[in-house]
Amino acid sequence: MRIKRFALSLIFACIAGGFAFSQTQSPPASSAASAPSGHFESDDFLGLEGPGLVYSEVQPGPGVLRAGLLSDYHAPLRGTAFDTPVFFLGGNDAVREKSSRESPASRAGPACLVLAGSHANEIAGVLAAYWLIEHCHVEGAKLVVLPRGNTSAATHSAQNAQKPRVIMLGDAAVRYGFRLSNPRHETVPDPLQFIPPRAAPALAPLAGREMRNLNRQFPGSEHGSMTAQTAFAIMQLLSQENITVAFDLHEAGSASSLAWSIITRPEYMDDAALAALELEETAGTTFHLESSREAFAGYSHWEWGMEGIRAYLIETFNPAQPNDDPSVDQLHHPVSPLARRVFVHLKAVQAILSAIEDQGAGTVPHMKGLPQTIEEVQAWLEGSE
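The numbering of the sequence shown is my numbering, which starts it at 668 and goes up by one.
Hints in this document: simulated from the structure, not taken from any laboratory.
There could be a bad hint or two in this list.
[What the hints assert, rightly or not] Restraint ranges, calculated between C-beta atoms of paired labels, are given here:
#1 G746 / D857: 17 to 27 Å
#2 E806 / G1027: 17 to 27 Å
#3 V1002 / L956: 42 to 52 Å
#4 E806 / M973: 22 to 32 Å
#5 P1001 / E889: 43 to 53 Å
#6 S906 / S1021: 37 to 47 Å
We put the CB at the ideal spot given by N, CA and C, even for glycine.
Full structure from sequences and hints, please.
Below you can see the structure in the form of structure tokens.
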């Protein structure tokens, strides 16, 4: 598995803006050896924040033509624990140079977003996004991948308010964080109650700490809490990159009715239904469908859909939830091992995109390099591919 190169992360932690790769050139690499496993428990590794945190876990493959930062879409995020890399695969504009001072211009042609890590304890989505970044080439519409939507949430855990957990994957590691932003990174204290920005008056208030839940904050706020500003930046990305199809990758526990589900607005339910039929056959997984509605104010699938985007939230089953039980063996769980969840996320994205194209509903990215089997993902996770 190529989630590696601790030294490389320190280089990218210093990057102030985006960078571009030519279509025939691999992304920058470091000559440093992979970090020994002891580094993954060190303060240097666990103390990384923002872009450096992400680059300590993933190394872009040759299919990534350009990378930038979420702060390119909302400058106040720059230099904070909420800034995070954005990766671009395919699309005619993807190789265009972009300086750190350039405001992202609207780009011609439709594009697709894959967002993961809104909740940093839902690691199958993060790793599915990392697979896209490390393995895939894209033709057709541009693919934009934001693998850790809330990097602040990846700096602490349910067990430790100061540090995330670390899950070893071969000689590499991935952080198992928390579903909410780290309170030490927030500029606004938790209120007594939280109401999503566009919630209907009849919607019951949420617990105050849900202010730090990225997937309750859409469409965000330009001048609100840091979590709200992160949501605002993602909305700006959706607009400026002409995103027409968007996925938000999540996980749920056995106590939740959302495990193995696709949630979308009623007008896009046909896409989800066709995808669910395909997933039954190609991934051996039965998905149920949930209709997005006004009660989901603040959620990605509802709020992005209000902007005319075909938005889909995909949930797999994380056996460690709801309490992020550290005794659960993520790699070898008998019912829902990590490799299966990563595989199903990727197959679900592919199935929905195929359904959209088959119905003539839009131009979509064609991804080459997706895994064909769960065993292929398992080998990647174990570092033996």
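Quick rundown of the hints versus the structure:
1. G746 / D857: 17 to 27 Å: holds (23 Å)
2. E806 / G1027: 17 to 27 Å: holds (18 Å)
3. V1002 / L956: 42 to 52 Å: At roughly 22 Å between Cβ atoms, L956 and V1002 fall outside 42 to 52 Å, so the hint is violated.
4. E806 / M973: 22 to 32 Å: holds (30 Å)
5. P1001 / E889: 43 to 53 Å: Roughly 47 Å apart at Cβ, these two residues keep to the hinted range, so it holds.
6. S906 / S1021: 37 to 47 Å: Once the Cβ atoms are compared, 26 Å apart, the range 37 to 47 Å for S1021 and S906 is violated.
Hints 3 and 6 from the list above are not met by this structure, while the remaining hints are.
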